[in-house]
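Participant: Work the whole structure out from these sequences, hints included.
Okay, so the sequence shown: first residue is 0 according to numbering that gives the first Met the number 0, each after it adds one.
Please note that the accuracy of each hint is not assured.
Only pairs whose alpha carbons sit at most 27 Å apart, straight line, appear in this in silico DSS-like list of lysine-lysine [stated by the list, open to error]:
#1 LYS68 / LYS36
#2 LYS97 / LYS36
#3 LYS83 / LYS97
#4 LYS197 / LYS136
#5 LYS83 / LYS41
#6 LYS136 / LYS83
#7 LYS164 / LYS97
#8 LYS197 / LYS164
#9 LYS83 / LYS68
#10 LYS36 / LYS83
#11 LYS36 / LYS136
#12 LYS179 / LYS164
#13 LYS97 / LYS41
#14 LYS97 / LYS68
#15 LYS164 / LYS83
#16 LYS179 / LYS83
#17 LYS41 / LYS68
#18 LYS41 / LYS136
#19 LYS41 / LYS164
#20 LYS68 / LYS136
#21 LYS164 / LYS136
Distance ranges between label pairs, derived from CB positions [stated by the list, open to error]:
#22 LYS179 / MET214: 20 to 30 Å
#23 ARG149 / LYS179: 13 to 23 Å
#24 HIS146 / SER167: 25 to 35 Å
#25 GLU211 / GLU39: 15 to 25 Å
#26 PRO7 / GLU144: 25 to 35 Å
#27 GLU144 / PRO178: 28 to 38 Å
Keep in mind that the hints were calculated from the coordinates and are not lab data. Quantities reported herein were computed from a predicted structural model and do not represent experimental measurements. Quick reminder that beta carbons are idealized off the backbone N, C-alpha and C, glycines included.
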Amino acid sequence: MLVVDDEPQILRALRINLTAHGYEVATADTGTEALRKGAEVKPDLILLDLGLPDMDGREVVEGVRVWSKTPIFILSGRAASAEKIAALDAGADDYVTKPFDIGELLARVRAATRRVGPGNESPITVIGSATVDIAAKRVDREGEEIHLTRTEWQILQILLRNPGKLVSQHELLHRVWGPKYDTETHYLRQYMAQLRRKLEANPPRPVHFLTEPGMGYRFRP
Numbered sequence: 000m001l002v003v004d005d006e007p008q009i010l011r012a013l014r015i016n017l018t019a020h021g022y023e024v025a026t027a028d029t030g031t032e033a034l035r036k037g038a039e040v041k042p043d044l045i046l047l048d049l050g051l052p053d054m055d056g057r058e059v060v061e062g063v064r065v066w067s068k069t070p071i072f073i074l075s076g077r078a079a080s081a082e083k084i085a086a087l088d089a090g091a092d093d094y095v096t097k098p099f100d101i102g103e104l105l106a107r108v109r110a111a112t113r114r115v116g117p118g119n120e121s122p123i124t125v126i127g128s129a130t131v132d133i134a135a136k137r138v139d140r141e142g143e144e145i146h147l148t149r150t151e152w153q154i155l156q157i158l159l160r161n162p163g164k165l166v167s168q169h170e171l172l173h174r175v176w177g178p179k180y181d182t183e184t185h186y187l188r189q190y191m192a193q194l195r196r197k198l199e200a201n202p203p204r205p206v207h208f209l210t211e212p213g214m215g216y217r218f219r220p
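Facilitator: Structural data, given as structure tokens:
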């Protein structure tokens, strides 16, 4: 199991309680470390705080969901319904508000780990001549590292998570920029053009990042 939180006392308390109940526990206190350890350890379940120092926990959820179906439980002090909905829409399986009852949390953990066994997923995706390592947040193309902005990463992760499926403009705008930007389709055109320049062999004639006019975008492996 992987526990991700930037508060040392919470990490320690969860590690002690989970270990006492027979779980092997790895910990991380940043989103970057969580993605790396998630790929290395391949945990049966991830307990994840949203307020991490280097990225929002939802970005960790979206990164893990590109390559893994591991159950993800959010443990957060954010109690607003909008926060819960956004985290669950990003791919979390459950949302527990801090402070929480450890007995109830352990019961939820037992239920989730009974349903889902360990998998053999990999965080590596090959797109033409480019290799995308979601866990390391790194893209290499023909031996050269390609830098992606934070927004480009968010869009890419959503598309990679849905291979072959149409992802609507509304969903991308809502997930990446928020509900106030649902009509700002020019943002998507700009960032999709940037992704194609960086990842497609022939950006004017893309074969992996396709536009469905007036509808959205599709990633074709």
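Participant: LYS36 and LYS136: Cα distance at most 27 Å?
Facilitator: 13 Å, holds
Participant: Taken at face value, is the distance from the CA of LYS36 to the CA of LYS97 at most 27 Å?
Facilitator: 24 Å, holds
Participant: Just tell me: holds or violated, for the beta carbon distance of ARG149 and LYS179 against 13 to 23 Å?
Facilitator: 18 Å, holds
Participant: Mind checking the alpha carbons of LYS179 and LYS164 for me, to see if they're no more than 27 Å apart?
Facilitator: Since the Cα atoms of LYS179 and LYS164 sit roughly 25 Å apart, the hinted pair holds (cutoff 27 Å).
Participant: Do the Cβ positions of GLU211 and GLU39 conform to the proposed distance bound of 15 to 25 Å?
Facilitator: Between GLU211 and GLU39, where Cβ atoms are some 37 Å apart, the hint is violated.
Participant: Check whether the Cα positions of LYS136 and LYS83 lie no farther apart than 27 Å.
Facilitator: With a Cα-Cα distance of about 25 Å, the restraint between LYS136 and LYS83 holds, given a limit of 27 Å.
Participant: Given the hinted pair LYS41 and LYS136, is their Cα-Cα distance within 27 Å?
Facilitator: Judged against 27 Å, a Cα distance of about 17 Å means the pair holds.
Participant: Regarding the pair LYS36 and LYS83, is the alpha-carbon distance no greater than 27 Å?
Facilitator: 24 Å, holds
Participant: Does the beta carbon distance between GLU144 and PRO178 stay inside 28 to 38 Å, or does it fall outside?
Facilitator: 34 Å, holds
Participant: Are the Cα positions of LYS164 and LYS83 separated by 27 Å at most?
Facilitator: Status holds; Cα separation ~25 Å.
Participant: Below or equal to 27 Å on CA atoms is what counts here, so check LYS41 against LYS164.
Facilitator: The hint holds at about 26 Å.
Participant: Straight-line Cα separation of LYS179 and LYS83 no greater than 27 Å?
Facilitator: 18 Å, holds
Hints 7 and 25 from the list above are not met by this structure, while the remaining hints are.
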